[in-house]
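Novice: Sequence lines, in order, name chains A and B.
Heads up: the first sequence at position 26 corresponds to 26 in our numbering, and the numbers run straight through without jumps.
Heads up: the second sequence at position 152 corresponds to 292 in our numbering, and the numbers run straight through without jumps.
Any given hint could be a false lead.
Claimed, not checked - With a straight-line Cα cutoff of 20 Å, these simulated SDA-like cross-link-like pairs (lysine to any residue) come out:
hint, chain 1, residue 1, chain 2, residue 2
1, A, K134, B, F274
2, B, K186, B, D164
3, A, K39, A, H27
4, B, K300, B, E449
5, A, K8, B, G286
6, B, K300, A, T109
7, A, K8, B, E449
8, B, K300, A, N108
9, B, K300, A, K39
10, B, K300, A, N55
11, B, K186, B, P209
12, A, K8, B, G276
13, A, K23, B, F274
14, A, K39, B, D423
15, A, K39, A, S62
16, A, K23, B, S272
Treat the hints as calculated values from the structure; they're not laboratory data.
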Amino acid sequence: MTDKIYRKPIPIPTPESDFFWSKVAQHELWIQRCIDCSKPFFYPRMVCPLCLSQNIEWFEVSGRGSLYSYMINHRPAPGFEDDAPYAIAIVELEEGPRMMSNIVGIENTPENLILDMSLRVVFEDVAPDITIPKWCPDEN
Amino acid sequence: MESLRYKTAIVGASETTELGNIPDKTPFQLHVDASVNAIKDCGIDKKEIDGIATTMNPVALAHYLGITPKWIDNTQVGGTSFLIHVRHAAAAIASGLCDTVLVSMAESGKSRVGQSSNSNFSDSSLEGLRDSSFPGQFESIYGVYGPTTQFGLGVLRYMKETGTTHEQLASVAVAQRKWSNKVPRAMYRDLITIEDVLESRMICYPFHLLECCLVSDGGGALIITRSNRANNFAKDPVYILGTGESAETPIVSQMYDMTSSTAFKISSKKAFEESGLNQSNIDHLMIYDAFAHLPIYGLEDLGFVSRGEAGAFIEQGNTSPGGSLPMNTNGGGLSYTHTGMYGMFAIQESIRQVRGEASNQVPNVEVSFCQGVGGMFMAAASLIFTNSPPD
């Protein structure tokens, strides 16, 4: 937790995503899956994007994933000035779906960031009531 | 559904009088300038225009020009919207909803005249917003900052899976500068080398400055009508042979496959089917190039080369002047102009080449293929044009 004012964009939950963000606040990563066709999916939705079933459920993922792709941004977004250059990464969850994130715990250079490297989720409490899931190299 | 093949033709086409840096005109004024130029280009009486399509409020443009339309289209899915407008106009005309359509596009992307936003990007609706939108919740929080930080997110994956090199990515910018070198209206004309590209400032790895589009002011407009009255105007008609459109995702991190555009594949397949042509019939190609990887994705997704071959194809000069598949012959968004929604400029160059009036004219162009993209692989559209009259 930092004392500084958090100047970066803040996620504002919708009815579909409120559960996701409430679990993130508890340092847990949950996504949805379809009970009828058994496929996991992300981002949060009120129906299965494959079969439109409303018979869907939340489940906690393993928190393990791999680095699918990334860019390293040298022109920081407002609020990210102290971070640049920083990676904007696509993480592929062990369960299949992909999500955007940042990579922490390692300098964000092309030499360090090797595609398909193992990652695990970490949770950053960036401001009061605001927690953001990020990913770090998984040595195990 | 009846095919749109040869049902309609472009009879008027023009860009804004000025292009590049236009600090004294609002986007609305640029729309009017482009529209008047397109009307003059074909010599049509504006009373004959009974349809208007544009991404701004079409009613505002219609009233400003003193036109009361029977048909309007306001599709706004980023820079490919104007290709979609042409397709929708062709369908509307073919089915009798209207007879002659004006498609207009303009932006003050560089000067931002009359715009209160301090954003560097012309269409904030396509960026991750600080709100409850899905890009806002799941992308903006990680420091995305406009297209440079989003469009190329799959490129390292593509390079790993295909063996495409950084030099091949850079060669896209080199090839297109060879075209713009002889285009007086192009913003950048000096020849460059692969080393120049790779030594230019890093913007968002793996993209250097010269692999990103420029930012400019300008616009363009088109007049489309029935083929059977298309010979009544100042210039030979450019017939619409094939059309396609598709849409994939409003949030780039959720593309189905980040190494390929599903929307490119669907829109181009539809356009080829409608035209009755295949890749070997295409004399000239435009692929919307906001960033250097788009022509690479496009060549593969449109079926001109096989998976993983596009980088080498471009590096070896096949799309350069004198090559077998002349591509982005105005210099593209990387060198010619890019106001934010570039698709209209790709259409304009296809039409110039088919008419034989391009600054860097390719000899004997009979058929041109134009591929657009909107947002960050959000949407796509394809158009096939020819100067060859129907049988």
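Novice: Taking the hints in turn, state whether each one holds.
Specialist: Okay, the hints, checked on the actual structure:
no.	hint	verdict
1	A:K134 with B:F274	17 Å, holds
2	B:K186 with B:D164	26 Å, violated
3	A:K39 with A:H27	24 Å, violated
4	B:K300 with B:E449	13 Å, holds
5	A:K8 with B:G286	15 Å, holds
6	B:K300 with A:T109	17 Å, holds
7	A:K8 with B:E449	40 Å, violated
8	B:K300 with A:N108	18 Å, holds
9	B:K300 with A:K39	27 Å, violated
10	B:K300 with A:N55	38 Å, violated
11	B:K186 with B:P209	11 Å, holds
12	A:K8 with B:G276	11 Å, holds
13	A:K23 with B:F274	17 Å, holds
14	A:K39 with B:D423	44 Å, violated
15	A:K39 with A:S62	16 Å, holds
16	A:K23 with B:S272	17 Å, holds
Violated hints for the displayed structure, listed by number in ascending order: 2, 3, 7, 9, 10 and 14.
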